[in-house]
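Top to bottom, those sequences are chains D and R. Using my numbering, you'd call the opening residue of the first sequence number 1 and step up by one each time. Using my numbering, you'd call the opening residue of the second sequence number 1 and step up by one each time.
No lab work stands behind these hints, which were simulated from the structure alone. Predicted model, so just to flag it, every value in this text is computed and none were measured. No residue lacks a Cβ here, since even glycine has one placed at the ideal position from N, Cα and C. Hints may be right or wrong, so weigh each one.
[As the list claims (entries may be wrong)] Cβ-to-Cβ under 10 Å is the rule here; a few derived chain D residues that face chain R:
id: 1; residue: V62
id: 2; residue: F64
id: 3; residue: I72
id: 4; residue: N291
id: 5; residue: I296
id: 6; residue: D345
id: 7; residue: V350
id: 8; residue: H376
id: 9; residue: V381
id: 10; residue: N419
id: 11; residue: S437
id: 12; residue: Y440
id: 13; residue: G461
id: 14; residue: H577
id: 15; residue: Y579
id: 16; residue: I580
[Unchecked claim] Simulated pairs of lysine-lysine, DSBU-like, Cα-Cα distance not exceeding 35 Å:
id: 17; chain 1: D; residue 1: K368; chain 2: R; residue 2: K202
id: 18; chain 1: R; residue 1: K240; chain 2: D; residue 2: K625
id: 19; chain 1: D; residue 1: K309; chain 2: D; residue 2: K13
id: 20; chain 1: D; residue 1: K593; chain 2: D; residue 2: K559
id: 21; chain 1: R; residue 1: K58; chain 2: D; residue 2: K368
id: 22; chain 1: D; residue 1: K548; chain 2: R; residue 2: K13
id: 23; chain 1: D; residue 1: K481; chain 2: R; residue 2: K59
id: 24; chain 1: D; residue 1: K425; chain 2: R; residue 2: K13
id: 25; chain 1: D; residue 1: K292; chain 2: R; residue 2: K13
id: 26; chain 1: D; residue 1: K481; chain 2: R; residue 2: K230
id: 27; chain 1: D; residue 1: K396; chain 2: R; residue 2: K142
id: 28; chain 1: D; residue 1: K627; chain 2: D; residue 2: K593
id: 29; chain 1: D; residue 1: K280; chain 2: R; residue 2: K59
id: 30; chain 1: R; residue 1: K109; chain 2: D; residue 2: K178
id: 31; chain 1: R; residue 1: K13; chain 2: D; residue 2: K428
id: 32; chain 1: R; residue 1: K109; chain 2: D; residue 2: K396
id: 33; chain 1: D; residue 1: K289; chain 2: R; residue 2: K153
id: 34; chain 1: R; residue 1: K202; chain 2: D; residue 2: K199
id: 35; chain 1: D; residue 1: K10; chain 2: R; residue 2: K178
id: 36; chain 1: R; residue 1: K59; chain 2: R; residue 2: K75
id: 37; chain 1: D; residue 1: K2; chain 2: R; residue 2: K59
id: 38; chain 1: R; residue 1: K75; chain 2: D; residue 2: K173
id: 39; chain 1: R; residue 1: K58; chain 2: D; residue 2: K443
id: 40; chain 1: D; residue 1: K590; chain 2: R; residue 2: K13
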Amino acid sequence: MKIAYSHIVKFIKEAPSIERLSESLFHLGHEHEVIDGVFDMEFTPNRGDCLSVNGLLRDLAVFFTVELNQEIYKKEINKLDIDFKNLSKNICPQVSFLRLEIESIPKKYSHYLENYFKELGVNKNNFFTDISNFLSYETGQPTHCYDAKKMNGELIFHETTHAVEFETLLNKKITLSKKNAVFSLNNDVINLAGVIGGKSTACDNNTKTVLVECAYFQPESIIGKSVNYDIQSDASHKFERGVDPDCQENVLRRFIQIVSEHTNIKDISLVSYKKNDLSKHKIPVDIKKINKIIGINISKEEYLDHLIKLGFCIKDDFIIVPSYRSDIKTHNDLAEEVARVIGYDNIDLVSISIPNKENINLMNIENKLRYFLLDHGFYEVINSPFVGSISKDAIKVDNPLDSNRQYLRTNITDSLLGNLLYNEKRQKDSVKFFEISDIYFSKKDSSISRNIAIIASGRLGLNYEDFSRKINKNYFEKIFKEILPNQTFDFNIISREELDTKINSEIISLEININSISSEILSYKELSTPPERFNQYSQISEHPSSFKDISYSIKDYGKTIELQELLLNYKNDIIQHVYIFDYYKNEKKKEIKIGFRFIFQAKKTTLTSLEIDEVYDEILKSSLKIKGVTIPGLL
Amino acid sequence: MSDPKDILPTLIKDRGSLHPINHMKDSIMNLLVSFGFEIIDGPEIETEEFNFDMLNIKKSHPARQMHDTFYVDGKSNLLRTHTSPVQIRGMLNRTPPLAFISGGKVYRKDDDATHLPMFHQVEGIYVDEDISFAQLKDLIYKIIFSIFGDHVKLRFRPSYFPFTEPSAEVDILSKEGKWLEILGCGIVNPIVLDNCEIDSKKYSGLAFGLGVERIAMLMHDVNDIRDFYKSNLDFLSQFK
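For reference, chain D alone in the conformation it holds in the complex (with noise of 0.2 Å):
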């Protein structure tokens, strides 16, 4: 909500600066952004009653004095005689309804209304709905204006039980479907309660006669309404946080009395309707309670002196909350108060220790095998639950994001398929993968599984012994036999028959519960170890990588260590990875052979052969100064 610093600095007597004011915003928790002078307010929403500016400065009379002193008219008014029944009383407790009559319609607007649609930016509708809205910023109480000459007949409120056309003031068509608080002019819905009028019944710029309804809907009634049938308006935002329910006739008294300082009024009068007087809600006073929610010592003169600045009244020893504060029920919600005006940074620390249980022992099974799969090369990811295809037993989820995504998948594997295939498409040639996850199914006895699942293809590894070993059943079942000797497992390998894919190494995949692997893993030793500090993540290139291969000749095996030391830390842009491919040493002819594999990418563009060549130039120029060290076959 936007309020501007103009219309609530005249109100406090030390006209504080808006940095100042700002500072005192924050300090009592109202989130907000200064633009051009208008505070951007971003309320909680239990602080329905802060969205107005009269709502803002009683929150800050805490700190400033705040002279509320806009008049209202008080002089007696006739009761006005309307045909009007509430069949809803439980979600419309208050309604009061006024009608006025005026001579002539303004043609100007006095300052202060004039400059609330100047500073605000707010377009201006007609003389009684730009009051109305006004009256909406400045009270937080919405209300609504009907063309009083439209308005002949039974008006009823009352909850919808079927599906009612309705077309709102903005010309837009819905129908109203299910439960909906609306107010009928002969059984015509005109009104969509707390959010928007209706068309046939509002007024324009001719009316001159209006019927103004000012109402207490319960937000319940309320919520929901205004996502449900798309229409955005000030009324719903209010109502659905909770207005004031016992402001509506001084809301209208303030409304007769803007009208009659812009023109001349002919008649007046004005009806209230309330289903039980309002009790105020009592807590008693308890400091020592307050003090320990908090953690804090204050005095009780101190701590009442708070409320009563905020609105509270003390009466034999009980706080009586104000109308407008129905977020106030507990000890509890009276120790944030406090807090708030205390300022959360200034409550001193009080020293916590927590009673340590015994050790846990956070390697347990699923860990050790996590562990045990990052020593063998494996990543593990985090994919969404959510497929478009169905399956037999998968949940269905009622109110999907769209159809792709309409059921709670019954595998991983199916997701970690989507994942090699992904990274085969961006050039890796060895890809390894394990994910853990709850899966769900519709099943009534085992609605619930917790599951590792394994895929991997291609290369055994990116390193001179394994660069030429492919991912094989035989590698699984050896890697899993090291660890699990006594257990079998029912690898599968996944046809690329129907997959878009040219490559064609095995897959192998493994789905099992974690409940079904044996205890025995937890005597693994792990190599990996989690890192020891958060590294700073370098964006990752969405070009295509391209490779260089150098094949080596060395007589000198010494050099051997030094080549290595020297290509495996080779900085260049556009060099992605580097790592030792082949590895052979030939006894007879007293000669190693060793080949580095080159990946090059760059981060912004697609590279050309020529970037790479002259890359690959400058390596083999600083490889050949090794001496003893030659590139068979390069002249």
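With the hints as your guide, set chain R onto chain D.
This is chain R only, laid out in the frame that chain D set:
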């Protein structure tokens, strides 16, 4: 000529990596275990009772609407929107003092550059006699200093959660001088304790919840939350 035995090039076996979100979640949970918290788990498919009612989230609360929460099984169940129902399950049938944490996936009906329909939370609760907001602050300082280092500046802002009162959100000051929201916390609303059959006249509690992705993004300098879930090897291999 050198001895041939000494010249074997280093065999670099590529180790894999934990997913950065799981690594961050594990780090936070391990830290909290060292503070004395016990780990408890709960299901991702929950009832409205545990996910909302027991936590004092009224039937009319916007979070319960179909546009915010994923419902399943003909609206009889839902995908948990936070890990708080695990704490409810933990509190039932136990007597204080109790201190436990739960971490895992949670679901909300969002999908844009900064929000995903699935993300991770770690939440903790400690219920004992005379737990105060000042003690909660002490714990939060300890947690944040342990994660971000004790040089970091933090602030507490009043906030609103139906299950805590008073409630706060905690921000840290970034290197760029911007306040960034890190966690939500508060004193457990006595209604929630009563719902779990814990005598709120005798006991009080503190609770906190952290968004794992948010912290991981800050710690690793990742700008787009969606990068975590593309399963891209170039991305994953940076978190070893």
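Taking the hints in turn, this is what the structure says about them:
1. A hinted interface residue such as V62 of chain D counts as satisfied when its beta carbon comes closer than 10 Å to some beta carbon of chain R; here the least separation is about 13 Å, so the hint is violated.
2. Because the smallest distance between the Cβ of F64 of chain D and any Cβ of chain R comes to about 18 Å, over 10 Å, the interface hint for this residue is violated.
3. A least Cβ separation of about 32 Å between I72 of chain D and chain R goes past the 10 Å threshold, and the interface hint is therefore violated.
4. Here the hint on N291 of chain D is kept, as its CB sits about 9 Å from the closest CB of chain R, short of 10 Å.
5. A cut of 10 Å between beta carbons decides the hint on I296 of chain D: the least distance to chain R is about 7 Å, and the hint holds.
6. For D345 of chain D, the interface hint holds, the least distance from its beta-carbon to any beta-carbon of chain R being 6 Å, beneath 10 Å.
7. Look at V350 of chain D: its Cβ gets to within about 4 Å of chain R, closer than 10 Å, so that hint holds up.
8. The restraint placing H376 of chain D at the interface with chain R holds, with a minimum CB-CB distance near 7 Å, inside the 10 Å limit.
9. A least Cβ separation of about 4 Å between V381 of chain D and chain R falls short of the 10 Å threshold, and the interface hint therefore holds.
10. About 4 Å separates the beta-carbon of N419 of chain D from the nearest beta-carbon of chain R, less than 10 Å, and the hint is met.
11. Checking S437 of chain D against chain R by beta carbon gives a least distance of about 8 Å; that is within 10 Å, so the hint holds.
12. Annotation: interface hint on Y440 of chain D holds; nearest CB of chain R at approximately 6 Å, less than 10 Å.
13. Hint status for G461 of chain D relative to chain R: holds, with the closest Cβ pair at about 6 Å, below 10 Å.
14. Annotation: H577 of chain D was flagged as interfacial toward chain R, and the flag holds, the nearest CB pair being 9 Å apart, inside 10 Å.
15. Because the beta carbon of Y579 of chain D sits about 7 Å from the nearest beta carbon in chain R, less than 10 Å, this interface hint is met.
16. Of the supplied interface hints, the one on I580 of chain D holds, with its beta-carbon coming within about 5 Å of a beta-carbon of chain R, less than 10 Å.
17. Restraint check for K368 of chain D and K202 of chain R: not satisfied, since their Cα atoms lie roughly 42 Å apart, outside the 35 Å limit.
18. Restraint check for K240 of chain R and K625 of chain D: satisfied, since their Cα atoms lie roughly 34 Å apart, inside the 35 Å limit.
19. Restraint check for K309 of chain D and K13 of chain D: the C-alpha separation of about 15 Å stays at or below 35 Å, so the hint holds.
20. Between K593 of chain D and K559 of chain D the CA atoms are separated by roughly 12 Å; this keeps the pair inside 35 Å, and the hint holds.
21. At roughly 42 Å between alpha-carbon atoms, K58 of chain R and K368 of chain D are farther apart than 35 Å, so this suggested pair is violated.
22. Only pairs whose Cα atoms come within 35 Å are accepted, and K548 of chain D paired with K13 of chain R is accepted, the gap being roughly 21 Å.
23. Restraint check: the Cα-Cα separation between K481 of chain D and K59 of chain R comes to about 54 Å, which exceeds 35 Å; the hinted pair is violated.
24. With a C-alpha separation of about 24 Å, the suggested pair K425 of chain D and K13 of chain R falls inside the 35 Å cut-off, and the hint holds.
25. Simply put, K292 of chain D and K13 of chain R have alpha-carbon atoms about 58 Å apart, too far for the 35 Å limit, and the pair is violated.
26. Distance hint between K481 of chain D and K230 of chain R is fulfilled; the C-alpha atoms sit about 31 Å from each other, no more than 35 Å.
27. Between the alpha carbons of K396 of chain D and K142 of chain R the distance comes to roughly 42 Å, so the proposed pair goes past 35 Å and is violated.
28. Restraint check for K627 of chain D and K593 of chain D: satisfied, since their Cα atoms lie roughly 15 Å apart, inside the 35 Å limit.
29. Of the supplied pair hints, the one linking K280 of chain D and K59 of chain R holds, its CA atoms being roughly 24 Å apart against a limit of 35 Å.
30. Between the alpha carbons of K109 of chain R and K178 of chain D the distance comes to roughly 23 Å, so the proposed pair stays at or under 35 Å and holds.
31. As the CA atoms of K13 of chain R and K428 of chain D are separated by approximately 17 Å, the hinted pair is consistent with the 35 Å bound.
32. For the proposed pair K109 of chain R and K396 of chain D, the alpha carbon gap of about 15 Å is at most 35 Å, so the pair holds.
33. The suggested pairing of K289 of chain D with K153 of chain R holds, with an alpha-carbon distance near 31 Å, which does not exceed 35 Å.
34. As the CA atoms of K202 of chain R and K199 of chain D are separated by approximately 57 Å, the hinted pair breaks the 35 Å bound.
35. For the proposed pair K10 of chain D and K178 of chain R, the alpha carbon gap of about 31 Å is at most 35 Å, so the pair holds.
36. About 14 Å separates the Cα atoms of K59 of chain R and K75 of chain R, which keeps this hinted pair within 35 Å; it holds.
37. As the CA atoms of K2 of chain D and K59 of chain R are separated by approximately 29 Å, the hinted pair is consistent with the 35 Å bound.
38. Of the pairs offered as hints, the one joining K75 of chain R and K173 of chain D holds, with about 29 Å between alpha carbons and a cut-off of 35 Å not exceeded.
39. Between K58 of chain R and K443 of chain D, the direct Cα distance comes to roughly 31 Å. Compliance with the 35 Å bound is thereby established for this hinted pair.
40. The straight-line distance between the Cα atoms of K590 of chain D and K13 of chain R is roughly 27 Å, inside the 35 Å bound, and the hint therefore holds.
The structure fails hints 1, 2, 3, 17, 21, 23, 25, 27 and 34 (numbered hints given earlier, in ascending order).
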